[in-house]
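Novice: So you can see what is in the structure, the chains are spelled out below.
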Amino acid sequence: MKILVMGPGCPKCEQAEKNVRDAVAEAGIAADIQKVKDFQEIAKYGVFSTPAVVIDGEVKVVGKAPSKKDVLSWLK
Amino acid sequence: MSEQNNISCACEGGEPKAVETGGGTGKGVGRILVLQILAVAAWYALYLQLLPFSEWFAYGLLGLDPVSHLGSAVQFFVYDTPKVLMLLLLVVYGVGILRSFVTVNWTRSFLAGKRESAGNVLAALLGVVTPFCSCSAVPLFIGFMTAGIPLGVTFSFLIAAPMVNEIALVLLYGLLGWKIAALYFATGISIAVVAGWVMGRMRLEPYVEDWVREIRAGEATDEPHMTWKDRFTYALDSVRDIVGRVWKYVVLGIAVGAAIHGYVPEGELAGIMGSEAWWSVPLSVLLGIPMYTNAAGVIPVVEALLGKGAALGTTLAFMMSVIALSFPEMVILRKVLKPRLIAAFILVVGCGILIVGYLFNAII
Chain A
1 MKILVMGPGC PKCEQAEKNV RDAVAEAGIA ADIQKVKDFQ EIAKYGVFST PAVVIDGEVK
61 VVGKAPSKKD VLSWLK
Chain B
1 MSEQNNISCA CEGGEPKAVE TGGGTGKGVG RILVLQILAV AAWYALYLQL LPFSEWFAYG
61 LLGLDPVSHL GSAVQFFVYD TPKVLMLLLL VVYGVGILRS FVTVNWTRSF LAGKRESAGN
121 VLAALLGVVT PFCSCSAVPL FIGFMTAGIP LGVTFSFLIA APMVNEIALV LLYGLLGWKI
181 AALYFATGIS IAVVAGWVMG RMRLEPYVED WVREIRAGEA TDEPHMTWKD RFTYALDSVR
241 DIVGRVWKYV VLGIAVGAAI HGYVPEGELA GIMGSEAWWS VPLSVLLGIP MYTNAAGVIP
301 VVEALLGKGA ALGTTLAFMM SVIALSFPEM VILRKVLKPR LIAAFILVVG CGILIVGYLF
361 NAII
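Residue numbers (this note's numbering), protein chains in the order written: chain A, 1 to 76; chain B, 1 to 364.
Hint data in this document are derived by calculation from the structure and do not stem from the laboratory.
Computed cross-link-like contacts, SDA-like style, restricted to lysine to any residue with a CA-CA straight-line distance of at most 20 Å:
| # | chain 1 | residue 1 | chain 2 | residue 2 |
| --- | --- | --- | --- | --- |
| 1 | A | Lys69 | B | Leu236 |
| 2 | A | Lys68 | B | Asp230 |
| 3 | B | Lys179 | B | Val91 |
| 4 | A | Lys44 | B | Ile215 |
| 5 | A | Lys68 | B | Tyr234 |
| 6 | A | Lys68 | B | Val239 |
| 7 | B | Lys308 | B | Ala362 |
| 8 | A | Lys60 | B | Glu219 |
| 9 | A | Lys44 | B | Val212 |
| 10 | A | Lys44 | B | Val208 |
| 11 | B | Lys335 | A | Asp38 |
Computed far set for chain B versus chain A, every beta-carbon distance over 10 Å:
| # | residue |
| --- | --- |
| 12 | Tyr47 |
| 13 | Leu70 |
| 14 | Ala304 |
Some, not all, of what chain B presents toward chain A, calculated at C-beta under 8 Å:
| # | residue |
| --- | --- |
| 15 | Val104 |
| 16 | Arg108 |
| 17 | Ile142 |
| 18 | Thr146 |
| 19 | Trp211 |
| 20 | Ile215 |
Even glycine gets a Cβ: it sits at the ideal position worked out from N, Cα and C.
Make the full structure from the sequences, and use the hints.
Specialist: Below is the structure:
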């Protein structure tokens, strides 16, 4: 499973990354979590508001940091 | 384009916490609606009690004299703090529900088909309600550009979004009255519309960084479908997030207001920021550029300035400059804009703010 956390590094983006990492740890799944800071890369996914989370190419949330519970529901 | 360290932005510390919503999916909506109506009724009943309560508290319980400085300051503080916080709760919740519809992607596709002028007005108004934070300015700018939205229309949005929002309006209303809130709304939107339109006339497209113009953005992703329940949850989250962040400014602002109410002699600042000094308006605009805070943070300062006898136009100019023209935001936008375009932005918006400042100093 490949998870991309998109955002230039503002506090909300860090919150998003932390929640994703926590959720992955809690679910006990092996996932490759990457932070995407490059705006060109972000735009390629059709994401115009950060933070955003993309799992296996599918955009799950745009413009807000998901809660750990949200992320857990996507991991199933 | 990649190295970007932690940017201090107006939306720091936003940690939406998960709201536990239990129960079934469909039938919950009716119950939530009923609960909401009850909550609004309770809100209103409580709101009506604030004034009598504050008077009882200050004059009855504490036994202060209603005509004394201390008495009126205490009564003002005990009345205004819950009043403004309650207004904030209600408005932020309402705007939160609105915001669950008006997402960045929706705004982007809505504005894509619009001409200039009408587009400028719509963009400025949407800037008020679309969820936006200055950290998100760059992806949003790219999104607007790739959707073919004219540069001037994009700027109308980018100017209005941080400057005119529900938090600023509620705080202005609660602390300084509805006239100043309305004035701020009208002038803020006007500046965004006119400055965006002027920038559209200036043919600045070549000064957008080349890589932005070459971007082929992916299809905007479909927003995940939101049920009404999701929207209520979203609104509740934004209440926690926003009110949790802003309440300290509210209390500070009201404390400042209460102090002025009771003690500070008027006219101290009148020499510097009063309407008679012609250079006071440009000076406040210049002072405002390096300062950076969100609308909530600047309002206590504004209140103190007004209370000390600063002229309204000068104070509004200062507030707008602090919020709309900020050095950190320029640094963020520098990733997508060449220096000339940034200079044009500062110049055009700065002139707009100057005009507003002089106008209000002249007529009020």
